Amino acid sequence: MRIFVLNLRTIENNENMKILVCISKSPDTTSKIAFTDNNTKFDENGVQYIVNPYDEWYALVRALEIKETLGGNVTIVSVGSAADEAIIRKALAIGADDAVRIDAEPTDAYYTAVQIAEYAKSNGFDLVMTGKETINYNGSQVAGMIAESLDLPFVSLATKLDVSGNTLTLEREIVGGLEVVQVALPAVVSCAKGMAEQRIPNMRGIMAARTKPLQVVAPVAVDTLTSYVSYTMPNAKSACKMIDPTNMDELVELLHNEAKVI
Amino acid sequence: MSVLVYINSNNGLHKSAFEAVTYGKKLGADVTVITSGNADAATLATLGNYGATKVLVDRALNGDDAQQLTRLIATAATASGATSIVFSHDIIAKAVAPRLSVRLKAGLISGAIAVPSADGTVNVNVFSGKAFGAVKVNSAVKIISLLPNSIQPEANGAACTVEDFAGNAGDSKITIVSTKKPEGEIPLPEAELVVSAGRGLKGPENWGMVEDLASALGAATACSRPVADIGWRPHHEHVGQTGVAIRPNLYIAAGISGAIQHLAGVNGSKVIVVINTDAEAPFFKAADYGVVGDAFEVLPRLTEAVKKFRSSGH
Ligand SMILES: Cc1cc2nc3c(=O)[nH]c(=O)nc-3n(C[C@H](O)[C@H](O)[C@H](O)COP(=O)(O)OP(=O)(O)OC[C@H]3O[C@@H](n4cnc5c(N)ncnc54)[C@H](O)[C@@H]3O)c2cc1C
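The listed protein sequences correspond, in order, to chains A and B. The first sequence begins at 353 in my numbering and counts up by one. The second sequence begins at 63 in my numbering and counts up by one.
Worth double-checking, as some hints may not be accurate.
To be verified - Distance condition first, Cα-Cα at most 30 Å in a straight line; then the derived DSS-like pairs of lysine-lysine:
#, chain 1, residue 1, chain 2, residue 2
1, A, K593, B, K369
2, B, K243, A, K384
3, B, K198, B, K264
4, B, K243, A, K512
To be verified - Simulated DEER-style distance windows between Cβ atoms:
#, chain 1, residue 1, chain 2, residue 2, range
5, B, D102, A, N609, 46 to 54 Å
6, A, Q534, B, G270, 47 to 55 Å
7, B, D340, A, N390, 35 to 43 Å
8, A, K473, B, A220, 48 to 56 Å
9, B, G232, A, S433, 35 to 43 Å
10, B, D102, A, Q534, 28 to 36 Å
Stated by the list, open to error - Output of the computed footprint for chain B on chain A, the stretches with three or more beta carbons under 8 Å from beta carbons of chain B:
#, segment
11, 456-466
12, 488-502
Just so you know, the hints here were simulated from the structure itself, not pulled from any lab data. Only a predicted model underlies this, so the values are computations on that prediction, with no experimental measurement involved. The beta-carbon is built from N, C-alpha and C at its ideal position, and this holds for glycine as well.
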């Protein structure tokens, strides 16, 4: 855990820091991926849902570390149906204070982001955190869309985040490297690996989560800008050609003449 | 149909820029490129070879702040009457394209891997590369962010005009304190050749073999998740479902078992070579070429074979 450089005044200032952490469900990474209804729907049969790892491991845990050091409040928000309350309770068990479920099917990233932005607008948060992407649709869209809807600065793919007073200092991935940046709150941050270490909820956390407030709010009217029409599976690989481990010249020859990649 | 392509030209033009312009050309005859910074006009004019009609450049805007770039591209989209906007799906696009989608209320397809099908849908990777989804945009203007290495750049045009453009990008609210860019490294998502290694290499001190092969090939290096987690390699090299997703022409994996989460990030590779002591390693099922053998012997041998091949004029 990193240590904050603080004076008393900034602690006081941050005592009421309100952090909103956006979580999404995603199928467990070992799930068999299949489609139904003529390949138009993801087959949920036998699929176990988890909290999207980037949201849980990085955004949520870092938010909790900030709260533990500086005080404040961590709220979970998720757009989804009653069935998704299991993943919300998991986030509460890890340590979030309260949660909001926006009661709607998250039809696309735009729809989801505008729902969250509307909620954030009417409830006043200092910092909105998300994972860098979901592992099912891998769009990396929601955080940037929330930022634009709220007209806030957006630091994407942050690998470190520290708070001092009203200023965030972040390390983020840029094309071919890393950059250290500063931004004043309020802001939106998407979190990548490096931000924090995964936390496993303990029994006390799981018990406490049952009684933590989980508010259900109605969605606002929003258009859906994109839709998934159908899905296909990649072609099965043809059999692997085995090469004698002592004959790497043959491998190079095949990569050049047969595969044509070098 | 008018097409606008955003290009990041801050560090010269990369292959991904040529891919994005080529893609734009396939969407419509009239392709405008929007960029910013101080790349010289002669360099920018070469985008005409790939199909750009003209390049607009905002010289007043430096850096890659998402809020500013969003304003710039929105201004250019309005000025050019674009109905399609194309990005290369890199770190900048991941921050800018979603903002632009909200600003223009234009549907965003991120990570496109092909040109639109006859029905107008565009294929993207879903479930971290375990399947493809066909996405339809319901709005009048659409934004497509193209995954690097998905199409071949086609240069059959001529240099185009380059015009100064005032994008009214405003101020940035983000202050850059410092930048770390390792010299001479090939950014992993753009690399055409990748050499990757896993826990089978036993320790960070053995990565010299991996780097030697990578430098003989001109390849980028990558690793499995546990290797990044224990700190043997930097996080940005971690590929897979919870790391970087890549689709190089060639992916060589040594001492990696081929867990489903690892495969998810690399199975878009055109050709996969697997080196593993265990003939039963699951990775062989996803491989094109397999070598059952000790990486400590096979990697140096392969490096020598590549050097011999390269020195014979390839
Ligand atoms: C939610 C979740 C997300 C995950 N995301 C990712 C991800 O994004 N990326 C990722 O990589 N993993 C991910 N994992 C982890 C994944 O399940 C595997 O544990 C991991 O990929 C294994 O790494 P490895 O192949 O390097 O190590 P191991 O599984 O330990 O395999 C080492 C391999 O090296 C071989 N070997 C040993 N010695 C030699 C030698 N001398 N020469 C040649 N071969 C040798 C062995 O036969 C073995 O096949 C994730 C797991 C979970 C639960």
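| Straight-line alpha-carbon gap K243 of chain B to K512 of chain A, limit 30 Å | holds, 17 Å
| query | Under the criterion that the straight-line Cα-Cα distance not exceed 30 Å, is the pair K198 of chain B, K264 of chain B satisfied? | reply | violated, 46 Å
| task | Check the following: the C-beta atoms of D102 of chain B and Q534 of chain A are separated by a distance inside 28 to 36 Å. | result | holds, 31 Å
| message | Quick check: does the Cβ-Cβ distance between K473 of chain A and A220 of chain B fall within 48 to 56 Å? | response | holds, 50 Å
| request: Kindly confirm whether 35 to 43 Å is satisfied by the beta carbon distance between G232 of chain B and S433 of chain A. | output: holds, 40 Å
| Range hint compliance [Cβ, Q534 of chain A to G270 of chain B, 47 to 55 Å] | Violated, at about 38 Å.
| said: Count the residues of the segment 456-466 of chain A whose Cβ falls closer than 8 Å to any Cβ of chain B, and tell me whether that reaches three. | reply: Since three or more residues must qualify, the claim that chain B covers the segment 456-466 of chain A holds, with 5 doing so at under 8 Å.
| message | Checking one constraint from the list: CA of K243 of chain B to CA of K384 of chain A, max 30 Å. Satisfied? | response | violated, 39 Å
| message | Range first: 46 to 54 Å. Now tell me if the beta carbons of D102 of chain B and N609 of chain A are that far apart. | response | violated, 40 Å
| task | Confirm or reject the coverage of the segment 488-502 of chain A by chain B under the rule of 3 or more residues with a beta carbon closer than 8 Å to the chain's beta carbons. | result | holds (count 13)
| query | Can the restraint linking K593 of chain A and K369 of chain B be considered satisfied, given a maximum Cα separation of 30 Å? | reply | holds, 23 Å
| message | Looking only at beta-carbon atoms, does the pair D340 of chain B, N390 of chain A fall within the given range of 35 to 43 Å? | response | Given about 40 Å between the Cβ atoms, the range holds.
Violation of the numbered hints given earlier is confined to hints 2, 3, 5 and 6; the remaining hints are satisfied by the structure.
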